[in-house]
Amino acid sequence: MNLVPAPVAATFSRIGARFDNRPAKITLAVLGVLFVYALPLLNIPLLTTPDSDFGGVLFSVAAYALIAVGLNIVIGYAGLLDLGYVGFYATGAYTVGVLTQYHWHWPFFLALPVAIVVTMIAGVMLGAPTLRVRGDYLAIVTMGFGEIIRLVITNTEWLGKSGGIAKIPMPPTIGTPPQPGEPGGLFGIPHISWSTFPNVVDVGHETHFLSFTVLDAIPFYWLIVTALLLVLLGDKLLKDSRVGRAWEATREDEDVAEIMGVPTFRYKLLAFALGAGIGGLSGAMFATRQTFIQPASFALLLSMLFVASVIVGGAGNRWGAVAGGAVVAYLPERFRGFTEWRMLVFGIALIVLATWRPEGLFPPRRTRRAKAAEAEIEELEGDAANV
Amino acid sequence: MSDTATTTQTLLEVHDVTIKFGGITALDGVSFDIREGEILGLIGPNGAGKTTCFNVMTGVYQPTSGQIRFAGTGLAKMKRHAITRLGIARTFQNIRLFKSMTALENVLVGADAHSRVGFFHALLRTPLQRREEAESRERAMELLKFMGLARRADELAVNLSYGDQRRLEIARAMATNPKLICLDEPAAGFNPAEKVVLMDLIKKVRDRGYTVLLIEHDMKLVMGVTDRIVVLEFGRKIAEGTPAEIRDNPAVIAAYLGVEEDDAS
Chain A
1 MNLVPAPVAA TFSRIGARFD NRPAKITLAV LGVLFVYALP LLNIPLLTTP DSDFGGVLFS
61 VAAYALIAVG LNIVIGYAGL LDLGYVGFYA TGAYTVGVLT QYHWHWPFFL ALPVAIVVTM
121 IAGVMLGAPT LRVRGDYLAI VTMGFGEIIR LVITNTEWLG KSGGIAKIPM PPTIGTPPQP
181 GEPGGLFGIP HISWSTFPNV VDVGHETHFL SFTVLDAIPF YWLIVTALLL VLLGDKLLKD
241 SRVGRAWEAT REDEDVAEIM GVPTFRYKLL AFALGAGIGG LSGAMFATRQ TFIQPASFAL
301 LLSMLFVASV IVGGAGNRWG AVAGGAVVAY LPERFRGFTE WRMLVFGIAL IVLATWRPEG
361 LFPPRRTRRA KAAEAEIEEL EGDAANV
Chain B
388 MSDTATTTQT LLEVHDVTIK FGGITALDGV SFDIREGEIL GLIGPNGAGK TTCFNVMTGV
448 YQPTSGQIRF AGTGLAKMKR HAITRLGIAR TFQNIRLFKS MTALENVLVG ADAHSRVGFF
508 HALLRTPLQR REEAESRERA MELLKFMGLA RRADELAVNL SYGDQRRLEI ARAMATNPKL
568 ICLDEPAAGF NPAEKVVLMD LIKKVRDRGY TVLLIEHDMK LVMGVTDRIV VLEFGRKIAE
628 GTPAEIRDNP AVIAAYLGVE EDDAS
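Residue numbers (this note's numbering), protein chains in the order written: chain A, 1 to 387; chain B, 388 to 652.
Some hints could be false.
Partial list, computed: chain B residues near chain A (C-beta under 10 Å) [to be verified]: (1) H468; (2) M488; (3) R559.
These are computed hints drawn from the structure, not numbers from a lab.
Ideal Cβ placement from N, Cα and C applies to all residues, glycine included.
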């Protein structure tokens, strides 16, 4: 894979490699994070999408990565197939829409935590009755939930019906307020332009730091990447604790986990609520970036793409989820030049990925180790070694 | 080692328990006690209701009638994980480890049963969480060592040998810090030499202060390791007593050992 996610994910995995006090690792992690933040300014050839605004593409890449990380908790860790994840995405987006524009005029950063909490409550409300069913049944129930949310929005006056909510405010700009022709913000950061090599710093093209306008998606990208990094950190802390073990045990064998003292229902509900909250966070970001949301933005297809992100990346591995989300968001944009063929190319790319790496781009440790053990056994079979 | 535990304190009391699945009566008015510190054998021919008895004790099934009291607490309607926390642990006849987790993690899941901290502590890595995590790990490693599995701690459970998997099941059950540990045919699939080692291990488990309930087919093993034996047949208790008494009990010989005598030419 010489496409975007590989270097991004490699950088990320360096960050996640372990927070021990070896300075080399910390330096690498800091460099990796800096690279991720600088990515939209660097205009790296081939990587940068030729036909759409790269900042905007990166925003959706990060948004999908965030969603995939959230859904990975549900699917990858707890083993609950949720086919209605778009419902949470919509809940987050509409909470922001209603609070900041449609009925109230809250500032975005006040509405954001409320959106997360509301979505988590939605997750608990869906989970409490349905998490008692397992497997395929859960998939069907959650799929229904996604559709119910969309249909309720379409038919509720209070939520703008099918017309949606327009003019959702952006996050407030820090520093000079933006004027027409003047982006404001704290200071401008020039982009890199390789066409004028060796004079690569393009002072004519600047992104203004912490200036949120429709003209430049890059500050939004920075915002959502920050959210993504925080979520990844929390994900790691939880996974490496009894919470993560309880999820894994529940996924492996729910009955045995219960008999070993794991309150499985509570942990499944926790996974559901956390996944929902992260989906809501992503939806809130989507709303403030798009400034316009409507029920049609939250179709069932999105749920499928979200699940595809997790599976393509490797269910159960947070870096896999990041990579999977990135691939699913990036490829259609990269191939925009193919116009009507681009979805076909995207589909083929997904099939190739599924054939080439059936466990996902970055399979979780369990799959990798099981495979390594298999190879080892095959090697030993020549000696008829027997344990 | 044949110093029989003489504590008379009753740990678990099975009182007149009946379980019906539709028209089939799996257990029919079964009563027996498990005393603290003993190794009690539960034997009987296939289909006698031994595993059903286990399942009702660990909350997997609810008895149709009758009751089970553990250390003075009735187990009726109690959640399975709550029963584990109360102090009953078990292993499984058909090994049921968490395959994709390492040996250490398997034991840790058991050890977590008594951790008090949860989500927020884990997210904030509070000192309490760090301490509990360290303690759990230490305990888990100690149990792996006890079972002779320390070297395999980071191996995935699925990659362990059959015998190691059986031992890991016992370690995981012990990690929940039970008072009573129920072993469901721990010697299934073992050769005679391994069985001798296992017998020793079961005694060592008891010597650490656990009460042991043992389901086993192998008569030699049961006779050699248990203090008392309860015999089931067709869901009824047909005998109860010391291994010597059971050996001479005509009903047991007819039901169980008698078959073996016929087979042995």
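- Can you list which hints this structure breaks, lowest number first? Structure breaks no hint.
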